[in-house]
Every structure is written in structure tokens, then in C-alpha cells.
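Given the sequences, and given the hints that come with them, work out the whole structure.
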Amino acid sequence: MADADTLLTGQSKAGDWRSFERVILPPVRDLHKIDVYEAEADGYKALKDVVRDGKFDPKGLTDEVKASGLRGRGGAGFSTGLKWSFMPPVDPDKPRYLCCNGDESEPGTFKDRQIFEYNPHLMIEGIMLAGYAMTIKTCYLYIRGEYDDYIQHVQRAVNEAYDRGYIGKNILGTDFSMDLVVHAGAGAYICGEETSLMNSLEGRRAYPRIKPPFPAQVGVFGMPTTINNVETLADVPLVVNRGADWFAGIGPEKHPGPVLYGISGHVNRPGVYEYPTGMLISDLLEVAGGARGGKRIKAVVPGGSSTPPLTWAMAEPTTMDAETLREAGSSMGTGGLCFLDEDTDMVSFTRRIAHFYHHESCGQCTPCREGTGWLEKCLARIDEGNGHTRDLDLLLEVCDQMEGRTVCALADAAAWPVRWGIKRFRDEFEAKCRPTAFASGALGGDGATEQTGELTPTGVPTT
Amino acid sequence: MMTPDTPGPSVSPQPQYVPGQAPPRVIPDAELVWTDEEAAQIETFRAQYPTPDGAVMKTLWLAQRKWGWLPPETMHLVADTLGVPYAKVYGVATFYTQYFKEEKGTFVFDVCTCFSCQVCGGYDMLHYLEDKLGVVKGGTSEDGLFTVQEAECLGACGSAPMLQVTNGPYVHNLTEAKIDQLVDALRQGAELPFESVTLPQDGDEMGGNRRTDAQAVETYQTPPVSDTIH
Amino acid sequence: MPQVTIDGTTHEFEPGAKLLQLCLDAGTEIPHFCYHPAMSVPANCRQCLVKAGTPIFDRETKEPVLDENGEQKINFGPKLQPSCSLDVTDGMVVHTQLSSQEVAAAQADNLELLLINHPLDCPICDQAGQCPLQIQAYKYGPEGSRFEFAKVHKPKRVQLGPNVVMDAERCINCTRCTRFTAEITETHQLTIINRGDKNHPMTAPGEVFDDAYSMCTTDICPVGALTEDYFRFQARVWEMAKTPTISDFGSAGINVDVWTKNNEVLRITPRQNLDANEYWMPDAARLIYETYNEGRASGPTLNGTPTTWEAAAREAGRMVQEAGSDVLFLGSAYATVEDNYLLMRLAEAVGAPAPQFVDRRGSQADDGFLVSDDPAPNTEGCLRLGMKPVDPALLPSAAASARLVYILQDDPVQAEVLRVEDLEGTPVVLHGTHVTHRTPATVSLPLAMSVETLGTYVNRDGRAQLLRPAKMVKAMNRSLLMAVGTGQSRNDRVGTPFDRWHDEANQVDCLPGWATIPQVAAALGVDLTFKSPAKIMAEVSAQPAFAGATHGAMDLLGVPLETEDADVPQITA
Ligand SMILES: Cc1cc2nc3c(=O)[nH]c(=O)nc-3n(C[C@H](O)[C@H](O)[C@H](O)COP(=O)(O)O)c2cc1C
Ligand code: SF4
Ligand code: SF4
Ligand code: SF4
Ligand code: FES
Ligand code: FES
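From first to last, the protein sequence lines stand for chains A, B and C. Note that numbering that gives the first Met the number 0 has the first sequence beginning at 0, numbered continuously upward. Note that numbering that gives the first Met the number 0 has the second sequence beginning at 0, numbered continuously upward. Note that numbering that gives the first Met the number 0 has the third sequence beginning at 0, numbered continuously upward.
Because the hints were derived from the structure by calculation, they are not lab data. Treat the hints with care, as some may be off.
[What the hints assert, rightly or not] Straight-line Cα separation of at most 25 angstroms, SDA-like style, residue types lysine to any residue; simulated pairs:
no., chain 1, residue 1, chain 2, residue 2
1, C, LYS17, A, ALA408
2, B, LYS103, A, ALA183
3, A, LYS93, B, SER9
4, C, LYS473, C, ALA521
5, A, LYS294, B, GLY202
6, A, LYS168, A, ASP90
7, C, LYS150, B, VAL10
8, C, LYS78, A, GLN216
9, A, LYS210, C, GLN20
10, B, LYS103, C, ASN193
11, C, LYS150, A, ASP90
12, A, LYS210, C, ALA521
13, C, LYS150, A, GLU402
14, B, LYS65, A, ARG155
15, B, LYS103, C, GLY205
16, C, LYS197, A, LYS47
17, A, LYS294, B, HIS171
18, A, LYS210, C, GLY205
19, A, LYS210, C, PRO36
20, C, LYS197, B, TRP68
21, C, LYS197, B, SER9
22, A, LYS422, C, GLU101
23, A, LYS47, A, ASN169
Below you can see the structure in the form of C-alpha cells.
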């Protein structure tokens, strides 16, 4: 690729981010209270404008969201307006549902929780607007069970909104009615996968479903359903209030908008930051106070545990938007960045991620149920110093056997960090391995038998 | 850096409940009933979903809050109350880690050792707790007060390492001193306050926590723990 | 009709078809585990992966896009797809493992994964020899395994219910068993519990898996995770012979395979017939296997003393002749159409009233599925022959006034339509099957049971189906030998075709009705000899009620008979 074509310019695509004013979590004290939200943050203005005053009809609202360029913040980054337009025409005999995905279980992701706590009404307003755009009568807000405190907190906000007539029958005196049900999970990462979430809502074992049929055709309770992430829906009132152009003008053209970056790991000021998309990873490191203890950052996981880790050299010129991250060899995921410093053991780190996916695989389909365990066991052996270099190639092959062959994307999510961890930090992995000599043939080793004499990690004798 | 246990060989386990053998009864018949208030609540749950199955998870939560864990008779009661097959309820309960299928201590510490927490010392915290309480993870202290478990990411990675107490409050930015305080407070019967995690940008722009109704923890004041990681 | 190209061969298909079923129907095997045609499709085993593509059309002209060779361009997606859940579309091009190395490799990969935590204890596994996992691992699997770690351990030898034992380590989590209890019997007794690689099926705590059809899960389980309790460790499947026949359990006409070894029935499993029992059978219909082996009446007797077949037939003939038209003939809803027909011909020859039979309809509860209210298999056949049910009120006096009672197979005393006292002073000729028969016999000519004869049953829906001999009786005759096809090719799928027919062990000394009734008739000077039961049925099928029901036509799946009942609305095209 010619230099001019590359997105990895090392330049921020977030515009004048230093003077960016936060809009999802604006600096307003006690914003979670409905009075404050209404008085100080244009609260429920968008809903009134649209539902009562006819600023947009349902199709117009969908088009506006499409025009804003808003892309899902739940991991896949799909165009939100486009997704809404997949809903079939309204059939009065068929209920249709909206699911708001607040399962937030991807390791390294903790942004939706801040919306629950600090600006729940923005999300609620967004839910109501999305419901209006798709003529939906019920929305299920699925929140992971561990967020017990936040579930109660959100439920209080929902009750307030019911009391003010923003949810329920004949909203704002119109004939638009919609209910919002808060549903608590109970400890299963897989419930964040959209079809698994639907099975969970239906009171089944949360196995993801095969697609097709897609949720827009056959979703929760067998009815047309749209599912969006909490942050995605929280962006909708902003689009309505400030216009699609405003939204589209923030950050890079193809992946615009304000976004919550969850920054964790070896930084001095971890936490959730709101900035435009397209922030340079190095700028984010700077706002997060730099590396702890003055160390060097060695690796960055840019979007939650399933996104491939980047070496610092790869991460430094990379900006946080889907296209650039893809070019850099990773993905935007949930925008949860984890910075790892030079002392981090990438083998243990990868092993712990593999443990997570092994623990969370629903066990429905073969490659994931069996493969995640295999990855963990093999990585554990290497981590404990009993592995051989050939195990690394085996791991890559097991990743091949898992990727793209399962019901849902969890198997891919499990394989990527292992595959790219090995590819990008192979020397670290090899340093923990016992040498295998089988490749060269000269030594006649079979990899399973201990080799005598000094061998380099690749099996070539030093003498 | 510390890591989870090596999955090792073991023998074929017995099933927790053997078909045809009545499981030991935990809740006597007289107590195995919903109060009027709970029954009304279950009706509300039911009304929220087009099928009774939709209310299974909420009713299981209600049962667990009431009885502390889910002995079989409580799952049976949930099934009967909603008119859902018992086996189905059991299948659901065993899918989710937060439903307790065996009795736990009064307080359950779910210590996150995943991902960000791992690299910020989650295992140190786990092992410190294990040593302090004289238990191995998964086990319960002799006085029956504390169960220590290793947890997957709890969605509070910015305030790692952290733990959750009995499916409820989060305790952020753990240190050994903070764990000592926590255990003492719980022993003395203290209610744990809700800890609100300050946004770093709020720190800059609003001088700290934005909420006037919650206790704040300031994320970025955590001492760097990566020094201890090798 | 729309078309699909599979491995280069073009097939037509009905819209709505799923690819795997289409391939199987077309004779292309694709390895698979979780798919079962009678149940929902979870596509969870991921074994049936194929490469499927659809033709590319130009967006504007709607014309197919051609490549440089003038061939239509096909868009194969980036991923392989599970064929079981894939809707076939017009113009689709499919590569199975036969024409794509990529597909074959993916299937091998999946089998390697399926086996990494599998105990691989085939030498002691009851499923070995008929195990889809074992068979497909040999055919499509990798050479070996690269898994060098401790396997996951799960509960073994769990008695899930009275009839089913589980070894969870062998389970591949295909969910066929749980889908069976959820979708077919709707008892919801099984669920998968836990998560990830700790998953396995289980009952609710302490509950017993006592579904009346529980053993169907052992049939559909593609591994040895669920096995029939009664059959565990009884025999290796390759030591047995399997005969496709019809169960004599009730009037549903359940198509079965009867598994025998050393002339003993060891196991009965359902045989697919979508017009009868589909894929299923109740547990009760399997557990009768012992009745074929135990307590059998063996060898003819005269007043309780063993005698020869010739002497017994001669004596029976003499008794019939002596009684003349005063013989009370009782046919049987347990006997075949052929045997009942011969009995009617015998009665006609001596001028006696036509045989009647004991009608057992209504004597048990109908479960709305495969257990009907009628425990007898051939009531419909008897009715179609024109036989009338006995009137229990009149039977005792009829028996008392008769000079001879001639009974085929049934046990009127056990059926409580007759008491032993009613028969005092009246001699009885009996073709019975068991020593426990409660009706006393003067002359006993032991009868072959349904698993030892060749003949026809008509089920409750008027479907005529063919019985085939699964085990050998002592007095083997040529028709039976022909039927079992000794010396001819047999369609045994499992087992050795020759063992049982040359095994002397456990042979019961009995004969089918169509062999003994003509012997009795011959003693009277009446010729009822047919070359084979097929010839009898050829004659019976001349009657409108049996039109078309020749042995040749019935073959493995039977034929539906015309219903003349005017009350039954006929569906007209
Ligand atoms: C294994 C797995 C876990 C997921 N977890 C979450 C989650 O916790 N929260 C979330 O919003 N989306 C999650 N997703 C993505 C959802 O499936 C879905 O794409 C998203 O909720 C759609 O919302 P969006 O379009 O607003 O991003 C997950 C996907 C997979 C495959
Ligand atoms: S990929 Fe994993 S999590 Fe997804 S359905 Fe299959 S087993 Fe379940
Ligand atoms: S289930 Fe099949 S592959 Fe497994 S041990 Fe039994 S026979 Fe062998
Ligand atoms: S026990 Fe058999 S049928 Fe049931 S899930 Fe396991 S492999 Fe499938
Ligand atoms: S990694 Fe511990 S809370 Fe996310
Ligand atoms: S048969 Fe297709 S996935 Fe199992």
C-alpha cells in the first residue's frame, strides 16, 4: 500500500479533542436525577420534539440516525440506522421488540456502567426514541447480574421516567406507548451475544442461536427484534438534539461520534474517558496519565480482551476507529483499552484470557467447547515452563480449527488474542518454551523427548 | 505474574444430585412458601414477559435472595410457581455462575483476576484473602462467614484490582489494607456503602465525584502495582 | 423445479429443503451428529460443514455474471456452512468433503476436537460397532490426536431412569436427547446442565427419567452416552443379527429391528417408517424381548405328554373330524392374517361357524402416540378378514355346548372371556406360544411367535406390514429358510448373516400356524397347503379389504389398505 493510502498516519483523527466537551457524560452534578437531567442537559427534549412535536416521523428518525454515521458501540460496529431499517414493516398482530444490551462482560470494558450510574436518562431517552423509530411497544434492558447496584439505580431512573410519562401508555399525550423492562443477567459473558441474550430473556439456557433467521425476522419470543448497545442508544438523543451533521462531524468520517474509552491496565489514571472517535492511542495514554512507575508500555489491547493485542510500535501511530484499527491489525471492539507495560508476561496474560473464554464458552458447539479448553491447557503448559516450541504452532492450528466454524463469534474472540499474541510476541512465548528440534530433522528430536545440550528456543544448537 | 490453576487430571465426579435419590431437604415445607408480597412480585415479573419462562431468571433471583442459595426444592418451587418444567429451571440455574447451586458463606468474595485485574495484581489480592481467611479459593472459612472465589471480569477494570461481595457491592482499587478493613467491617456487621468510581475527567473538571449522594473512590489514586508483577 | 449442484451433479429440489437432508436423500453422505429430521435444527455439532455458494447476478441487468470461461460466477462466502441448517436455493453450488479438500479438512478438524475430551473406550462401550462417532471418526477423522492433556471428567454410570444409563464423558452435547423430551414427548425431563465443556444432560435434582419413551434417547444418541439399561453389556452389536420386522406390541404397527444372538432376542429397536411409528417406540415395546425367549411352549403334546408333530396333527385332525360342525374356532388378533385365514378355511371346510376372535380394544389406556388402547397387533387384520369379535356373554355357553374348541394363539381364560370351568368336558386344540397359557389344552401344537414367522399384521390405521423371522425355530421349514434368505444376499446391516441360522442353541420346537394348520387339515383330508405364506397372502389380497397387500408390495414399509368404512370421510383429490 502506498504511504498516501494508509490510515496509519500517526495523526490524530479526533480533531480538536483537547477542547472536546463531553456530551454522553457531561460535567453536570447529579445528572442521574431526572430533575437535573431535564433542567441542565436538555433532558427528554429530543423525545418531546420527536414524539410530541413531530420533528421526525419514524422513518425520518431512522434516516437521521443513518445520516449521523452512528455505528454500534457494542463491538461489531454496525451502522445503527441501517440496522433499524432491517425491521420488517409493522404487522399489528405481531409484537416487536427492542433489546438494549447492557451485558458488558467483555474483559476490559466498563463504559456502559458509567452511563447507568451517571446518565441513565440519556440511555432511557435513546431507548424511547429507538422504540419510536421502529414502532416498538416493549424494550428489554438487559444488564449483567453483577451490576446489582447499578440495576437498582437504573430501575429507579426508569420509575422516575414512568412517573413523568416518558415511558408507558400514551407517552407525552400521544398515541405512542412503550414499556421498558429491566432484566438482570446472572453471570454469563455469552449473554452479551445478541441471540444468546434473547434466549436468556426467554428464560432458557443462554445458547446463541444460528443465523439466519436474523433477529430482525425472528428475534426474542420469536418476533422481530432489534438489539443495540447501551452507549449506542445513548447517542441517539444527541443526534436528535444536535443533528446528524454535528454527530457526523466528530472524529473520522467513517466512524464518527463521541465515544467512551475505558482505559485500564498499567496507566496512572485509568477510567472511562469521553472523547471523539479517532483518538491516537498515544494521546489516550497521555490523558490517562502515562505508564505507571515511568515504565515503557509494551502492548495495548485496544477494544476488550477479544481484540488482537498490538505491540506498542503498532499501537503508537494508530487511531481508535474501526478502519484504522483494522489496518493496524486489530479492531475497535468495545473501546476498552488495556495498556500493558514492559514487565508484563504476555504468556500469562494470554493464558488468563484463554481461561476466561474457556470458562465462558456456552458449550453448545464443538469447536468452541473443546477448543477453548485445549487453548487454555496448552498455554498453561507453556506458561509453567513445560511447553515446547512446537506447541505454539499447534496453538495456531487450533485457532484455525475454531475460527469461523461456530454458532457465534465467541470462538473467534477466544482464538484471536491467542493467535495474535503468539504472532506478535512470539519471542516471549518461545523464551518460555522448551526447545523443539523436530523441524530441522538434524537433531532427530520429536518434540516430546527432552533434548540434551544447549539449544536455542528454535532448536538450533548454540555450539 | 500469577495465573489460574493448571487444569489437571481428576476422577469422574458423581453428579450433584442422583436421579431417584431425594436430595437432602434444606428448607422445611413450612418455610418453602412465598410471602404475599413475593407472590405479588412474581406476578409482576410474569406480566413483563409474553411467556412465563421469561420470568424464570427473576424468580430465581428472588429465591436466592430469600434463601441464600438455591437448594433443589427452591428451584422446584420456582418451576411450579411459573408452570415451567423443573428440569428446564435447573438447566437455567446451572448455566449462570451467580446462581448458587451449593451453600456458601454469609459473604462471598468474588475476586476478579481477569485481564486488567490480573495485570494490576488481582491474584495478589486473591491469595492475600485466601491466606488471611485460611481458605483455598472456592472454599468457605471455618466460621462459615466468608467464601472466596476467583471471578471473571466484573466490568470495573478501571479500578482494578477489585472484588464483589455476595453478588452485591463492588469494592474497588483493592490493597491489602483495604481488604483488612473490608473483612473487619463485615465481621462487625457493617453495611457496605455503594462506591461511586470517579471519572478522571470529572476529577479535572469538577474537582472530584459528580454525585452528591454516593461515596466516591478516585480511580487514579491507586498506587501503581505493576512493580510487584513479574 | 429449482436446481442445486452438489459435487458437480445437478439435483432438483423442493423449495424449503435443507441441504443436509437433500444430500442424504440423494445418497451423498455428509458426516453429522446433531441433526435429526424429526426435531429442531440447532446446528451445534458443526460436523456437517460444506462449502456452499450462490450465483452472482448483475445488480442492474439481473443477468448472471460469467467468468472468463463463460461459466457462471459463484460467490462462496468466507466461511464453511453447516449443511443441516442451510436452506437450499436455486442455482446453489455445493462442495462436500468429496470434492473439496478444505471441507474434508474442516470435518477432520471437527472430529479431532470432538474426540479430545472423549474417553475413547470403544472396547467396553455398548455403542461400538453402531456408533456414529466411531464410524465417522474412522471415515472422516484425522489420523491421530494432538491433544496431550488431561481430559475433562464428568459423571459416569448414572442411572438416569429405570431404562436409561448415562456416561456423560462420552456425550458430545448434540442435545438430541433433550430436544426429544422437549419436542417429541414434551415431558421436559432432561436438560443440559452446567456450561462449556462441563455440559451434560441430566434430570432435575433427584428426578427420574421415566418417560414412557425414554429409550428412544438411546437410539438417537449418536454416541454411547445413553444406553439401554436392559441391554448394557449383553452383546456386541457385531455378534448379533438384526432383522427388520414388525412389533407385536399393540396395534400401532411399530416397525422394529429385532437383534438376536444364539436364537435369543436380546434387543428391539425402532425402525424408521414415517407412515407408522416414524423413528420411535415406547419402552414397553422393547422390554417384551424376554417373552420371545422365556417360558416358550416347545414341542407338541397330547394330554400333556410330549409327542411327535405328526401324531399331534393327526390327533387334532381326528378330533375336528369327530366334532364336525360343532367346533368352536377362535382366531386371534395376535396371529397373522395368513394364520387366521387358514383357520377360517379350515372352519369352512368342516362346516363349523366362522372363527371369532377376542377383541382387546379398550383394554388399556391410549397415550395418543404409539401405545394404543389395543394391546393386540392385528385386530384390524381379523376384522378385515370378516372375523367377528366374540361376545363375552355368549362365549361360555358356546364353549360348553361345542364338542371341540380350537384355539389359535389367544388365551381366552387369561383374557377373562372364558373360565377354565366353562371348558370342563370340552376338548381343546391349542396353537399356543407359552407354557403359562392358562387355557388347558388336550392337543398342543406350539406356535411360532411374531419374531419367528413370516406373515402380515394390519395396524390400527389399516396399514398391512410384513413380519420376518428373526430367529430360528427347531422345526425349520423351507419357507422360513427362504424368507431369511439363507444362501441369498441379505440386507443385514450389522452382524454376520450366517450365525443364527446354523446355531442349534435355544431353538424353540414350534411351528407357524401356516405350517401346522395345513397338517391338521390334511389329517381331515382337506388340502390347505400353500407353497409359502406369500402365496396365502396373494390369495387374501384378492379380497378388496386386502387389495395390494402382497408380501412383495409390503416389503419393509408396508402398504396402506383401502378403508371402506363409509363413516370415515375419504379425502378426494
Ligand atoms: C461473545 C459476544 C459477546 C458480546 N458481548 C456484548 C456485550 O457485553 N455488550 C454489548 O453491547 N454487545 C456485546 N456483543 C455484541 C452484540 O452481539 C451485538 O452486536 C451488539 O449488542 C449490537 O449492538 P450495537 O449495534 O449497538 O453495537 C457481544 C458479541 C459476542 C459475539
Ligand atoms: S461459539 Fe462458543 S459460545 Fe458461541 S455458541 Fe458456540 S460454544 Fe457457545
Ligand atoms: S461412544 Fe462411540 S466412539 Fe465413544 S467410546 Fe463409545 S463406541 Fe467409542
Ligand atoms: S447424551 Fe447423547 S443425545 Fe444427549 S446430548 Fe449427549 S450425545 Fe447428544
Ligand atoms: S478485569 Fe477485573 S473488572 Fe474487568
Ligand atoms: S448436523 Fe449440522 S451442525 Fe450438527
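So, going through the hints one by one against the coordinates:
1. Of the pairs offered as hints, the one joining C:LYS17 and A:ALA408 holds, with about 23 angstroms between alpha carbons and a cut-off of 25 angstroms not exceeded.
2. Between B:LYS103 and A:ALA183 the alpha-carbon distance is near 21 angstroms, which keeps this suggested pair within the 25 angstroms criterion.
3. Note on A:LYS93 and B:SER9: the hinted pairing is violated, with a Cα-Cα distance of about 51 angstroms set against a maximum of 25 angstroms.
4. A threshold of 25 angstroms between alpha carbons decides the hint, and for C:LYS473 with C:ALA521 the separation of about 22 angstroms falls inside it, so the pair holds.
5. Of the pairs offered as hints, the one joining A:LYS294 and B:GLY202 holds, with about 24 angstroms between alpha carbons and a cut-off of 25 angstroms not exceeded.
6. Between A:LYS168 and A:ASP90, the direct Cα distance comes to roughly 20 angstroms. Compliance with the 25 angstroms bound is thereby established for this hinted pair.
7. For the hint pairing C:LYS150 with B:VAL10, the CA-to-CA distance comes to about 10 angstroms; that is within 25 angstroms, so the pair holds.
8. Proximity of C:LYS78 to A:GLN216 is assessed by CA-CA distance (about 22 angstroms); at most 25 angstroms being required, the pair is judged to hold.
9. Between the alpha carbons of A:LYS210 and C:GLN20 the distance comes to roughly 19 angstroms, so the proposed pair stays at or under 25 angstroms and holds.
10. Taking the CA atoms of B:LYS103 and C:ASN193, the gap is about 18 angstroms. The hint holds against a cut of 25 angstroms.
11. A distance of roughly 51 angstroms separates the Cα atoms of C:LYS150 and A:ASP90; the hinted pair therefore is violated under the 25 angstroms criterion.
12. Annotation: proposed proximity of A:LYS210 to C:ALA521 is violated, straight-line Cα distance about 71 angstroms (limit 25 angstroms).
13. For the given pair, C:LYS150 sits about 22 angstroms from A:GLU402 by alpha-carbon distance, which is consistent with the 25 angstroms threshold.
14. Proposed proximity of B:LYS65 and A:ARG155 is supported: the alpha carbons are some 22 angstroms apart, at most 25 angstroms.
15. Of the supplied pair hints, the one linking B:LYS103 and C:GLY205 holds, its CA atoms being roughly 21 angstroms apart against a limit of 25 angstroms.
16. Under the criterion of a C-alpha separation no larger than 25 angstroms, the hint pairing C:LYS197 with A:LYS47 is inconsistent with the structure, at around 51 angstroms.
17. Distance check on the hinted pair: A:LYS294 and B:HIS171 sit about 24 angstroms apart at the alpha-carbon level, within 25 angstroms; holds.
18. Of the pairs offered as hints, the one joining A:LYS210 and C:GLY205 is violated, with about 36 angstroms between alpha carbons and a cut-off of 25 angstroms exceeded.
19. Between A:LYS210 and C:PRO36 the alpha-carbon distance is near 19 angstroms, which keeps this suggested pair within the 25 angstroms criterion.
20. With a CA separation close to 21 angstroms, the supplied pair C:LYS197 and B:TRP68 stays within the 25 angstroms bound.
21. Between C:LYS197 and B:SER9 the CA atoms are separated by roughly 13 angstroms; this keeps the pair inside 25 angstroms, and the hint holds.
22. The hinted pair formed by A:LYS422 and C:GLU101 meets the criterion: a straight-line CA distance of about 24 angstroms does not exceed 25 angstroms.
23. Taking the CA atoms of A:LYS47 and A:ASN169, the gap is about 12 angstroms. The hint holds against a cut of 25 angstroms.
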